[in-house]
Amino acid sequence: MPQNFFCNLPDRSLQGKPARITLFVGAYGSGKSEVSVNFAIWLAHHVKQPGQKVVLCDLDTINPYYRSADARAILTREGIELIAPIYANTNIEVPAVPAAIFSVFDNESILAVLDIGGEDLGARVVGSLRDRMAGQDIALNVVVNPYRPATDTPEGIQMTVDALAAAAGLQLHGIVDNANLLELDNQPHLIDTLPIVARASQLTGLPLLFATTLGRNELLIQAFERLAAVAKESPAALAATKLPILTMTRSIHYPTDPFALV
Amino acid sequence: MQDVSIVIAGFGGQGILSAGKFIATAALLEGREVSWFPSYGPEMRGGTANCSVVISDLPIGSPVINDADVLIVMNGPSLDRFISHVKPGGLVIVDSSLVLNIPDRKDISLYRIPASTLAVEAGNITFAIIYLLGCLAKQSGCIQRESFEAALTDALPTRHHHLIPKEMAVFDIGGTFLNEN
Amino acid sequence: MKPVFTRTTGLTDKPFHYCPGCTHGIIHRLIAEVMVEMNILDTTIGVSPVGCTYNNYEYFACDMIQAAHGRAPAVGTAIKRVHPENMVFTYQGDGDLAAIGAAEIVHAAARGEKISTFFVNNAVYGMTSGQMAPTTLIGQVTTTSPFGRRPEFEGYPINVSEMIATLRGAVYVERVAVNDFSHITKAKKAIKKAFRVQQEGLGFSMVEILSTCPTNWGKDPVASLRWMEDAMFKQYPLGIYRGQDLEV
Amino acid sequence: MSNRVLMKGNEVIAEAAVRAGCRHYFGYPITPQTEVMHYMATRMAEVNGTMLQAESEVAAINMVYGAAAAGARVMTTSSSPGISLKQEGISYIAGAELPAVVVNVVRSGPGLGGILPAQGDYFQATKGGGHGDYRNIVLAPASIQELYELTVEAFNLSDRYRMLTMILGDGALGQMMEPVEFRDVEPIENVAKPWALTGRKGRSEHNTVTSIYIEADVMEAFNNKLQAKYAKVTENEIRVECVDCEEPEIILTAFGLVSRICRNVMQLAAKEGIKVGLIRPITLWPFPSQTYAEIAAKPSVKAFLDLELNCGQMVEDVRLAVNGAKPVHFHGRTGGNLPTQHEILEHIRTLAGRNA
Amino acid sequence: MARTEFNIELCKGCGLCVSVCPQKIIALRKDILNSKGFHPSGVEDMDRCTGCTICATICPDCVITVYR
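Protein chains in written order, with numbering that gives the first Met the number 0: chain A, 0 to 261; chain B, 0 to 180; chain C, 0 to 247; chain D, 0 to 355; chain E, 0 to 67.
Excised from the complex, chain A in its bound form:
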């Protein structure tokens, strides 16, 4: 079990020592790639020690678009190495798994984030790497966006988690709440739906690891304080009040967006 990132108000930023290799799985559109890129950046800033390097592996074999390889420029700037299928971001849709993926298992000095393709189908690629993962310090986390159909109820999230675990053939370690409707400021959405995700955490027995926001922290803290006020009535909401936050920057855009990759 990896370290959890629980923290106290008012500083809700991620802390602690994560697993050496973190995998993000999730349903289509849950925001796995966005979370992966930002988590890798957080690792680079807060966890990486001298002699270590952070590697982001784009293992999405399902969908050739909106993938973490889109953030190549930002990753390069942050000194993060990207491993992606050789045809990622070309005209070709051959989602071959890059052999370099093995480096994250073979090289202890790597802190790795693995961005896995959508749904249980994408998680199947994890199955082909199962042998390599044995004995490694690994966290397999599921990213949830409660604004997406199928993961908009605690039960829906539970079913999704079960399907992902079955396809990957591995036990999941935790849930990431990535509530968003794509707009810049997702805090209201996060507050509105946190109880759903928190309840799913109880149902599945998987800890709620962190939530993500694109917005301003002070607003978020106010909102959490409001949530804490009603927390006594809901154990799920109570859990939420302790939730650490990953403040994200947008990095994966459709290439026509003039602000992409700036």
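Check before you lean on any hint, since a few could be wrong.
Calculated pairs, SDA-like style, for lysine to any residue (alpha carbon to alpha carbon, straight line, at most 25 Å) [claimed, not checked]: (1) LYS1(C) <-> THR52(E); (2) LYS13(C) <-> GLU4(E); (3) LYS23(E) <-> ASN54(C); (4) LYS301(D) <-> GLU234(D); (5) LYS224(D) <-> ASN54(C); (6) LYS13(C) <-> TYR212(D); (7) LYS35(E) <-> MET158(A); (8) LYS1(C) <-> LYS29(E); (9) LYS23(E) <-> ASP136(A); (10) LYS47(A) <-> ASP136(A); (11) LYS20(B) <-> VAL4(D); (12) LYS185(C) <-> ARG67(E); (13) LYS192(D) <-> LYS224(D); (14) LYS23(E) <-> ALA133(A); (15) LYS35(E) <-> ARG67(E); (16) LYS200(D) <-> THR11(C); (17) LYS35(E) <-> HIS172(A); (18) LYS29(E) <-> THR75(A); (19) LYS241(A) <-> ASN90(A); (20) LYS23(E) <-> ARG76(A); (21) LYS23(E) <-> GLY134(A); (22) LYS126(D) <-> LYS224(D); (23) LYS35(E) <-> MET132(A); (24) LYS188(C) <-> TYR66(E); (25) LYS191(C) <-> ASP46(E); (26) LYS188(C) <-> THR11(C); (27) LYS241(A) <-> HIS172(A); (28) LYS13(C) <-> GLU214(D); (29) LYS1(C) <-> GLY36(E); (30) LYS47(A) <-> LYS29(E); (31) LYS23(E) <-> HIS172(A); (32) LYS52(A) <-> THR52(E); (33) LYS1(C) <-> SER34(E).
Beyond 12 Å from chain C on every Cβ pair, some chain E residues (computed) [what the hints assert, rightly or not]: (34) GLU4; (35) VAL17; (36) ARG28; (37) LYS29; (38) ILE31; (39) LEU32; (40) ASP44.
It is worth saying that the hints were derived from the structure and are not from the lab.
For clarity, every value in this text was computed on a predicted model and none was experimentally measured.
Glycine residues also receive a C-beta, built at the ideal position from the N, C-alpha and C atoms.
Once you've looked at the hints, dock chains B, C, D and E against the given chain A.
Leaving out everything else, chains B, C, D and E in the frame of chain A:
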């Protein structure tokens, strides 16, 4: 000489389309401009068939005939369909063995030839159309006898060439009929 | 010491882009080795399919053309008709050949086109990410048969070799596998035989090659080979389906 | 004169192809063009060529793709629904820059469509038809003699520009007979094809024929190259016939068979003192826009009347070319019907203000 | 007397050669990393190599050259 536009119509199998080709070939052999435009499609298989032949000394505009100089018909429905498209002063040649009711038009020349009956009597039903073509050649002057004979030789397979003298005799008989209007 | 196993000159220097453990690479090498051994590299024209191997024209050192999905047999037919003295092969996957291109392969075989088809069957669509193929096994889970292939809903797998073998124009049809040394050796012999049949002008030849897809099967490469033996061999028995007595 | 023979349009397409050096024909039967296959079946045997009846139109066009890549002069013919099926292959041929000739003897659509004359495939032929940014040269013959000449020319154009040339005919053109003289229109060009698949033989590099480029920039550069080629075709290859366009009152504009009906109408109109001119595009792509613009600028011209066997397709290009200089009217017939000379004349009288 | 050479830059570390070697002398080499950052296949005890070519035959990426 002026353009001649000829519509030939009847049932499929009566040699309608071939008759058009004979006329067109004969005119071509005389060095004239010519077009042959068939009705095709479902009509080709068992239903009615018709074709349009235009002969001219100048390049031909439309191969599609709206107003015909000559109408040759071998069944009733075709006559009903095309009779109103014959120009005033035009020529209508009818197989009267098969077409009984002929609409009353006094502004045309009308030739009624019991072609199918005559052809059966002559021992070959395929001759029927030849009587009508003989009449066409004689009355319109659009093709010469010699070029028609040459066209038959050209168009018919060698194994049928022995029929040509008999067909030419039939052709000549067709030319003996008189205007009934 | 002499080299007894080297990279064949039938391949270009370009490294394959396939996933680790994907056996397309073995099949490419076998075809390339046979072309060199038969001295036909300079006269062979290959037809690339649509699928993971769409750009294998970059790997084979002979003249190559990329065909639309399923149409390789039609393209190959025409090339052979234009250059009857040349050798023509098509390289096709199970979606390409047995789904969208079912008509083309059947008719090329029925016409007895003097081309050789190498049909790679891995029971799944690789390129478009793991959908059900015509050859997907009963019960096999794919992205488009998430409940496992159910005969009553998705129907049955197609045994292409058995089907093509019913056609008189197909003079040589064999199913092989590339799961271990002896089967790979047999596969190479079959590929050579297919080319020999073409060279002799006898008619259409096809070798169906059972292959793996570790990524979309969700199994590591070694386990994938075992799954091929355990699951695929039952549905797709190896052997010669036409041309048992053929001497070429 | 003695060199002239009476032949059906479909037979002439086939004979023209053979005389143009085409030795590979792949087709699938569909009325009203099936006689091309019938003729080819025996004719190709005489010249040691190949006529292969494919299993489908889809297979046929992909055979064309293969044969063209192998360096052969190759043709397929079909009719509207069959041409729709061929579009993927046509796009591949454009994407791989291969020369080939495709003939469409148009049926009346949409859907299955009737077998009578129609021109409803103008958009499909000139605006793409298949996927992607590409053009085909589109030729629209109006007589059997011209059908011969343009079919031969289609092979030369295809080889010269490494692109597909389409003959857009109609059911009537395929089925009618007229005299044709198989004169040598133009010496058959022998364009070298070093890119063709022949087997490597002496070459150090292997040839590949493909239509995909992995990098976006390379793919864009390829598209730019195609467009430059199309600009060159537009500069060099526009063909158009203008009849009595010196000082006309009304300009008729039509392609193919309809233009011939227009010629008869022009004589009828002349008898009534109406000066009518005719613009007949022979290349539908590239479209003779400049000719339209120049004639539209003439003070004598009151209006254009575009006639087609469809609900108004080429008229869009006519309007773009005339660019508002003069009104452009449309007269269309569909379902396999042809406009009569009388109805066209009536329309002309109205436009010329000659009606009571 | 035999020898195998591995073109480690072409190796994708799939491990098929490891699984088929009758002498059990092929392994992913923990002592080296290739430029892609992982341990490629290699022979640990070349003296025991028989040059049977089974590893080269199953390799999907033409990594292995065998001398005998």
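Here is how each hint holds up against the structure:
no., hint, verdict
1, LYS1(C) <-> THR52(E), "13 Å, holds"
2, LYS13(C) <-> GLU4(E), "19 Å, holds"
3, LYS23(E) <-> ASN54(C), "35 Å, violated"
4, LYS301(D) <-> GLU234(D), "29 Å, violated"
5, LYS224(D) <-> ASN54(C), "22 Å, holds"
6, LYS13(C) <-> TYR212(D), "16 Å, holds"
7, LYS35(E) <-> MET158(A), "37 Å, violated"
8, LYS1(C) <-> LYS29(E), "29 Å, violated"
9, LYS23(E) <-> ASP136(A), "28 Å, violated"
10, LYS47(A) <-> ASP136(A), "15 Å, holds"
11, LYS20(B) <-> VAL4(D), "12 Å, holds"
12, LYS185(C) <-> ARG67(E), "23 Å, holds"
13, LYS192(D) <-> LYS224(D), "18 Å, holds"
14, LYS23(E) <-> ALA133(A), "21 Å, holds"
15, LYS35(E) <-> ARG67(E), "30 Å, violated"
16, LYS200(D) <-> THR11(C), "16 Å, holds"
17, LYS35(E) <-> HIS172(A), "29 Å, violated"
18, LYS29(E) <-> THR75(A), "28 Å, violated"
19, LYS241(A) <-> ASN90(A), "45 Å, violated"
20, LYS23(E) <-> ARG76(A), "44 Å, violated"
21, LYS23(E) <-> GLY134(A), "23 Å, holds"
22, LYS126(D) <-> LYS224(D), "19 Å, holds"
23, LYS35(E) <-> MET132(A), "18 Å, holds"
24, LYS188(C) <-> TYR66(E), "23 Å, holds"
25, LYS191(C) <-> ASP46(E), "34 Å, violated"
26, LYS188(C) <-> THR11(C), "22 Å, holds"
27, LYS241(A) <-> HIS172(A), "18 Å, holds"
28, LYS13(C) <-> GLU214(D), "17 Å, holds"
29, LYS1(C) <-> GLY36(E), "31 Å, violated"
30, LYS47(A) <-> LYS29(E), "24 Å, holds"
31, LYS23(E) <-> HIS172(A), "36 Å, violated"
32, LYS52(A) <-> THR52(E), "38 Å, violated"
33, LYS1(C) <-> SER34(E), "29 Å, violated"
34, GLU4, "9 Å, violated"
35, VAL17, "8 Å, violated"
36, ARG28, "16 Å, holds"
37, LYS29, "18 Å, holds"
38, ILE31, "17 Å, holds"
39, LEU32, "16 Å, holds"
40, ASP44, "17 Å, holds"
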